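Using the sequences plus the hints, can you model the full thing?
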Amino acid sequence: DAGITQSPRHKVTETGTPVTLRCHQTENHRYMYWYRQDPGHGLRLIHYSYGVKDTDKGEVSDGYSVSRSKTEDFLLTLESATSSQTSVYFCAISRLPNYGYTFGSGTRLTVV
Amino acid sequence: DQQVKQNSPSLSVQEGRISILNCDYTNSMFDYFLWYKKYPAEGPTFLISISSIKDKNEDGRFTVFLNKSAKHLSLHIVPSQPGDSAVYFCAASAESGGSNYKLTFGKGTLLTVNP
Numbered sequence: 120d121a122g123i124t125q126s127p128r129h130k131v132t133e134t135g136t137p138v139t140l141r142c143h144q145t146e147n148h149r150y151m152y153w154y155r156q157d158p159g160h161g162l163r164l165i166h167y168s169y170g171v172k173d174t175d176k177g178e179v180s181d182g183y184s185v186s187r188s189k190t191e192d193f194l195l196t197l198e199s200a201t202s203s204q205t206s207v208y209f210c211a212i213s214r215l216p217n218y219g220y221t222f223g224s225g226t227r228l229t230v231v
Numbered sequence: 197d198q199q200v201k202q203n204s205p206s207l208s209v210q211e212g213r214i215s216i217l218n219c220d221y222t223n224s225m226f227d228y229f230l231w232y233k234k235y236p237a238e239g240p241t242f243l244i245s246i247s248s249i250k251d252k253n254e255d256g257r258f259t260v261f262l263n264k265s266a267k268h269l270s271l272h273i274v275p276s277q278p279g280d281s282a283v284y285f286c287a288a289s290a291e292s293g294g295s296n297y298k299l300t301f302g303k304g305t306l307l308t309v310n311p
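Here the protein sequences come in this chain order: A and B. Taking the numbering used here, I'd label the letters of the first sequence as residues 120 to 231. Taking the numbering used here, I'd label the letters of the second sequence as residues 197 to 311.
No wet-lab data here; the hints were simulated from the structure. Just so it is clear, the structure is predicted and the values come from calculations on it, not from any experiment. Be aware that one or more of the hints could be misleading.
What the hints assert, rightly or not - Only pairs whose alpha carbons sit at most 20 Å apart, straight line, appear in this in silico SDA-like list of lysine to any residue:
| no. | chain 1 | residue 1 | chain 2 | residue 2 |
| --- | --- | --- | --- | --- |
| 1 | A | K176 | B | Q198 |
| 2 | B | K267 | B | N223 |
| 3 | B | K201 | A | G219 |
What the hints assert, rightly or not - One side of the interface only, derived from the structure: several residues of chain B facing chain A at Cβ under 7 Å:
| no. | residue |
| --- | --- |
| 4 | Y235 |
| 5 | G239 |
| 6 | P240 |
| 7 | F242 |
| 8 | G256 |
| 9 | K298 |
| 10 | G302 |
| 11 | K303 |
Unchecked claim - Under 7 Å between C-beta atoms, here's a sample of chain A residues computed to sit facing chain B:
| no. | residue |
| --- | --- |
| 12 | P158 |
| 13 | G161 |
| 14 | L162 |
| 15 | L164 |
| 16 | F209 |
| 17 | S224 |
Note that the Cβ used here is the ideal one computed from N, Cα and C, for glycine as well.
In structure tokens form, the structure reads like this:
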């Protein structure tokens with residue numbers, strides 16, 4: 120398996136608190152992505168990165184921020200968690216843009 | 197606006213029969229298409245892909261067909277096995293313009309293969 124790890128795997132947090140999810144890779148891939156999966160919506164892109172300190176918004180970026188200070192780590196922060204951000208979050212990596220991604224195992228986040 | 201559409205949320209087939217999963221796209225810039233499979237509590241895994249220069253790609257029991265004029269692709273699984281039961285996502289990308297750096301996914305189709 121490709122070296123991609125998401126942490127934590129599960130988290131329950133309260134509304135209004137900040138939350139940071141971590142994606143760590145050992146493949147030295149340039150491109151990293153954060154998706155959320157929700158019933159009836161499939162996989163929706165939150166933010167992505169095309170290099171260290173190079174990030175851009177996806178289709179559902181409101182309420183989220185990201186940082187990538189080194190190649191191997193891509194952090195997703197919910198600035199003030201809301202119940203609508205209860206979801207399963209997946210990180211993905213790719214060596215080249217627009218081709219096959221390798222996904223992490225996901226983080227199940229519940230906001231109460 | 198949904199650029200990749202999987203209009204069937206679910207599909208149920210008998211073991212040994214053919215499973216056909218469909219996907220439509222609206223962006224004419226898309227030129228590379230992929231299928232991912234996802235089991236519960238796991239991340240999606242790559243299954244098969246096809247470039248727009250081809251109309252068919254085969255890998256064992258899995259075949260993807262691309263009809264560019266109709267902006268339609270399909271995944272055929274023959275014969276279907278209970279272990280194929282999963283959610284299947286169609287995805288598309290454009291090498292130049294349109295959707296740089298990222299894949300666009302459909303909503304997924306839940307395939308259930310009954311023994």
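Going through the hints against the structure:
no., hint, result
1, K176(A) - Q198(B), "holds (17 Å)"
2, K267(B) - N223(B), "holds (8 Å)"
3, K201(B) - G219(A), "holds (19 Å)"
4, Y235, "violated (11 Å)"
5, G239, "holds (3 Å)"
6, P240, "holds (5 Å)"
7, F242, "holds (5 Å)"
8, G256, "violated (17 Å)"
9, K298, "holds (6 Å)"
10, G302, "holds (6 Å)"
11, K303, "holds (4 Å)"
12, P158, "violated (9 Å)"
13, G161, "holds (4 Å)"
14, L162, "holds (4 Å)"
15, L164, "holds (6 Å)"
16, F209, "holds (6 Å)"
17, S224, "holds (5 Å)"
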